[in-house]
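Peer 1: The chain contents come next:
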Amino acid sequence: MNEVLDAVLGLNTFAAAIRISTPIALAATGGAFSERAGIINIGLEGMLLGGAFSGVLGAYLSGSPWLGALLAVMFGGVLGYLFALFVLRFRADQIVAGIGLNIFVLGATAWLMQVIWGTRGVSPNVNGFGEIVLPIIGHIPVVDRLLGIHSPLIYGMFLLVAAGWILLFKTPLGLRIRIIGEHPEAADAAGIPIRRIQYACLVLSGMLSGLGGAYLSLGHLSWFSMNMSAGRGYMALAANIFGRWNPVGGLAASGLFAYTDAVQMRLQGLNLGIANELIQMLPYLLTVVVISGAVIRSRPPAALGRRYDPNR
Amino acid sequence: MTPPAKTARVTEILHALGAVVLALGIGAVLMAASGYNVVTAYGYLLTGAFGNFYNISQTLLKMIPLIFTGLSVAIAFRSGLFNIGAEGQLYWGAFATAVVAIRFPHTGPAVLVPLSLIAGAAAGGAWGMIPGYLKAKTGAHEVVTTIMLNTIGILATGFLLRVCFKEAGPVDQTPLIPESARLGELIPYTRLTWALFVGIGAVLLTDLMFKRTALGYELQAVGDNLSAAQYAGIDADRMLVVSMTLSGLTAGLAGSTLVLGVLHRFITNFSPGYGFVGIAVAVLGRNTPWGVLSAAFLFGALDAGGISMQLFARIPMDLMTMVQGLVILFVAAPFLIRRIYRHGKR
Amino acid sequence: MKILELKHITKRFGGLTANDGIDLDIEKGEVHCLLGENGAGKTTLMKILFGMVAADTGQIVHDGRPVSLHNPHAALRRGIGMIHQHFMLVDRLSVADNLVAGCEPRRGFLLDSKKSESQVLSAAETYGLRVNPKEKVENLSVGEQQRLEILKALYRGADILILDEPTSVLTPQEVRDLFSIIRNLTAAGKTILFITHKLKETMAIADRITVLRGGKKIATVRKDDTDPGRLAKMMIGREVFLRPAKPEKPPGAVVFEAKQVCASHPLRHLRLKNITLSIRAGEILGIAGVEGNGQLELEEAIMGLRPIDSGGIVLNGRPIQRLRTAERRAAGMVHIPSDRVRRGMIGSQSVENNLILGVHRKKPYAKRGVLQRPEIESYCRRVIEAFGIRCRGGRDTAGTLSGGNQQKLILGRELSQEPVFILAAHPTRGVDIGAVESIHRLLLEKRNENKAILLISAELDELLSLSDRIAVLYEGEVVAEGDGFTEEALGLLMTGQTPREATPRDAAR
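Residue numbers (this note's numbering), protein chains in the order written: chain A, 1 to 312; chain B, 1001 to 1346; chain C, 2001 to 2509.
What the hints contain is simulated information worked out from the structure, not anything from laboratory work. Keep in mind it's a predicted model, so treat the numbers as computed, not measured. Hints may contain errors.
Simulated restraints on C-beta separations [said to hold, decoys possible]:
| no. | chain 1 | residue 1 | chain 2 | residue 2 | range |
| --- | --- | --- | --- | --- | --- |
| 1 | C | N2450 | B | A1126 | 50 to 56 Å |
| 2 | C | G2292 | A | E131 | 55 to 61 Å |
| 3 | C | N2139 | A | L159 | 33 to 39 Å |
Taking lysine to aspartate or glutamate pairs in the DMTMM-like style, the calculated list, with each CA pair at most 25 Å apart, reads [said to hold, decoys possible]:
| no. | chain 1 | residue 1 | chain 2 | residue 2 |
| --- | --- | --- | --- | --- |
| 4 | B | K1211 | C | D2207 |
| 5 | C | K2233 | C | E2257 |
| 6 | C | K2362 | B | E1012 |
| 7 | A | K170 | C | E2327 |
| 8 | C | K2363 | B | D1207 |
| 9 | B | K1211 | C | E2459 |
| 10 | A | K170 | C | D2112 |
| 11 | B | K1137 | C | E2437 |
| 12 | B | K1211 | B | D1224 |
| 13 | C | K2136 | C | D2207 |
| 14 | C | K2367 | B | E1012 |
| 15 | C | K2367 | B | D1224 |
| 16 | C | K2367 | B | D1235 |
| 17 | C | K2362 | C | D2432 |
| 18 | A | K170 | C | E2138 |
| 19 | C | K2249 | C | E2437 |
Ideal placement from N, C-alpha and C gives every residue a C-beta, glycine not left out.
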């Protein structure tokens, strides 16, 4: 019984939840920018996976996880740009294009793994991120394990979520983004450059997801395995909706999903007599429950998913 | 989403072919950049798909589950729904079929085969109904729910297998299904059974449903213009549930025919992603039943040829996954093909 | 003094010529009305002036210099602003946010919201328009939203204001307020371009009038040199009978009743309160009111598209408030919806498929769920002929038909079902005058065939000429019902005021 309580309420579980939430929260913030600008981005999964792969590739080539993360961010940005190109310039259906992107990245990462390293399934080990200790917090007994000692990417995630919130709600650019997603005709009439901003939002969502992917492969582990993202990109979508298209809300929602995942992993280790498969289902079931409940209460950006062509 | 009118159909077909050619072209570029010989590779692709009688039978064999998953996704698309959950639905279909077949070993094939197929269809339909119901009642977006239900379905069937129906031994699988449940081969030693005709039959029925029945009309109306359908008295919520149920049912049959025709048992991880390839098939086939049939044939060929490519030219099968993703992207982007076409004219 | 010249502007959209070599001169400080029916090309011309659409040929000269306006920003920089028919406002954001969008005051990287608000207030004061900077736009009245739109343009330094059908959503009193704002603006040296299809308003506010028809400019005249009759003739090209003849007719038994119907919407504020109406066979009951006072809610409640909280709806003695839409239609109710493109038809499907929408399960169009194409085709041919729908045949795509023909398609479908009750919401909105006449004729025909008709409309002329009785809807309640209303009385009732003059036979509440 004690072990179950420890699994559910233990400090280690919460610390693990923070770690697990990082890639989801980053992707959810990316999703917030994309959807606030009116574009449904199903491709978050592919951008996460692509980031995870390119992060390991960068670390492999340079020996440094930092350069790996940089490559992941750039690669994510490229994926974001390509997605924007297909949706905005070539008028692809947003959801179909997102699925296509995900399938493509799935194949591409597995292919490249074999071409570059000759392995199928797992890449060779690279230098991952170590943990850093924060100056003051890192030395307080209980808090240190929770907040004081983490991979630098996790602190980066907190900063980026906060920066994203400020950008979206407190800057002129953020106002313009929100107008585009609510009423693109009004944005057009106000002379706002719609296409340019939408491209930028998609590239940003790709970069953020790419960084999240880098955390997946480099932050806690130090290798890439096939289909490493395992649906986290879709959870990020749900987290964004649950978080009301707000980066901070998305972080909270990601935390919730991450928490169930952390609990699930700890419970599996204990022989409780409940089948592992059922325990493993927890985060996915939670996502379904959340998204069934969340949608009625929240209002998405009014023009989300609608294609608007500024006619000249 | 209304399928294209007759006059636009030729353009649509050319567009679809163009997308495939472009995707294969990019595949060629990737192969060349990785140091493979493109000509040899695509040579193996062609011969692997069509080179001899056996290979053609393998193409047809690979085509069968894709017909069902392609139809499944296409049916949902026509009502405006994105069914990404065909994978989970086909797992349930396979599982239910195996269980029913094993339970009634002494029944003759005339009863057992249809019974098993119906069980698979029902299980898939029920699993498809869940996201449909959630969408109708709560507005939950079916992309997220169907994807989550994929994992849940795969875990659940694995659990039930392990706990109730497992054959003794190290592998997570059921015992073999009885002889009377197995579908007869069309060509000996090819594993190509008359499941192929079940697939073609499904295509026919779907086509008739959309063209000739009031139900098909309503499903299409809801996908084209939900408000107008509601104003006309069509129960849109009910149509969403019906659409997802039919979609899940068809995907379930993909699993059923695999169990009855090829695998002869239910085993974990038996699907190399048929549900996801089904999306590419539906998109390429423009959501029309006969388009899906043609697209399924094409992807079956790519599948069979890809195996050959991997075996003889050592090119990983993942290239085909990439090609699938590219096909989806290119088919979904009408203006890209148009631009390339115009560019090429100059 | 000429401030603007449009020279030989031409614009084609596919096969349609929206503007055909139009020349237009605008003088500084005038109110210039651009008059024409729907589809005459007025909005397209002004969108070209505002930089939202690029002209194919032609030139624009501003203050003596030729200019190229390739987007709204460029137009705004030249002092040209546009207030659209459908407001370009974001409901969820505040007045201040909406006003400064595109030229936001900054403090470093951040948006300076205090400065935004103070700028709103000072602009409001300069032009005498009252607004509250912190209020969310969705909570403003339509008149206030329009004032905000005007303020937006002035804030960006507009000297020339283009108003696109500004009065279509206003009550007569709000129209008067708008006109006084316009006069203040011209007194301050601004120039106003006023797009409209309403003759009366043109005569009230214009200095000069340009009439467009079929994409071409017909004439430019001074208001004092013309009259409504001559303008109408220029707009249409032939004589127009503005009021069809309606024979006196004793109405039959009560067909439709609404008894104390209440309905509310979870998100929007508006609720229907105690709606009580009755319509007899062979009678047209008109519902007057400014858009947004409950008409859509009433439409949806009657047809079963929205649940009601309390009250009863009765059709030929049978309570139907619990029946679903399909069942109400089966009982003999048909519906011409207010939003025809989005709710009345499926643009991507054929004319044939649209004509069976709603009756696709009935005999003879379907037997046991299977569609009977031969019967459908012959029904289709009959309706196309009877209602004069101009198309290439049943297989034609419905979305390619003109607005008027689409409306005829919907009317044809609904009226062919031998209904007992017809709900016609804004049946002539966006339809050119020739089709308006025939739609009015059709409705009167059905009235003479003893159908019960509920007519919802924002056009007082239409209501007065077609209705036997009129009920006024204001903020979700019926505030008056009767016959013999004058336009003035209706206008007052539509804003919730009681007219001081003699009230008609059935007293206003």
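Peer 1: Each hint: holds or not?
Peer 2: Hint check:
Against the hinted window of 50 to 56 Å, the Cβ-Cβ separation of C/N2450 and B/A1126 comes to about 51 Å, which satisfies the hint. Between C/G2292 and A/E131 the Cβ separation comes to about 59 Å, which falls inside the hinted range of 55 to 61 Å. At roughly 36 Å, the beta-carbon separation of C/N2139 and A/L159 lies within the given 33 to 39 Å, and the hint holds. Restraint check: the Cα-Cα separation between B/K1211 and C/D2207 comes to about 59 Å, which exceeds 25 Å; the hinted pair is violated.
Distance restraint check for C/K2233 and C/E2257: the Cα-Cα separation of roughly 42 Å exceeds the 25 Å cut-off, and the hinted pair is therefore not satisfied. For the suggested pair C/K2362 and B/E1012, the alpha carbons sit about 34 Å apart, so the restraint of at most 25 Å is broken. As the CA atoms of A/K170 and C/E2327 are separated by approximately 52 Å, the hinted pair breaks the 25 Å bound. Taken as a hint, the C/K2363 and B/D1207 pair is honoured in the structure, with Cα atoms around 23 Å apart against an allowance of 25 Å.
A threshold of 25 Å between alpha carbons decides the hint, and for B/K1211 with C/E2459 the separation of about 42 Å lies outside it, so the pair is violated. With a C-alpha separation of about 8 Å, the suggested pair A/K170 and C/D2112 falls inside the 25 Å cut-off, and the hint holds. Taking the CA atoms of B/K1137 and C/E2437, the gap is about 44 Å. The hint is violated against a cut of 25 Å. For the given pair, B/K1211 sits about 15 Å from B/D1224 by alpha-carbon distance, which is consistent with the 25 Å threshold.
Proximity of C/K2136 to C/D2207 is assessed by CA-CA distance (about 36 Å); at most 25 Å being required, the pair is judged violated. The hinted pair formed by C/K2367 and B/E1012 fails the criterion: a straight-line CA distance of about 33 Å is larger than 25 Å. Of the pairs offered as hints, the one joining C/K2367 and B/D1224 holds, with about 24 Å between alpha carbons and a cut-off of 25 Å not exceeded. Annotation: proposed proximity of C/K2367 to B/D1235 holds, straight-line Cα distance about 20 Å (limit 25 Å).
Proposed proximity of C/K2362 and C/D2432 is contradicted: the alpha carbons are some 33 Å apart, above 25 Å. For the hint pairing A/K170 with C/E2138, the CA-to-CA distance comes to about 21 Å; that is within 25 Å, so the pair holds. Proximity of C/K2249 to C/E2437 is assessed by CA-CA distance (about 21 Å); at most 25 Å being required, the pair is judged to hold.
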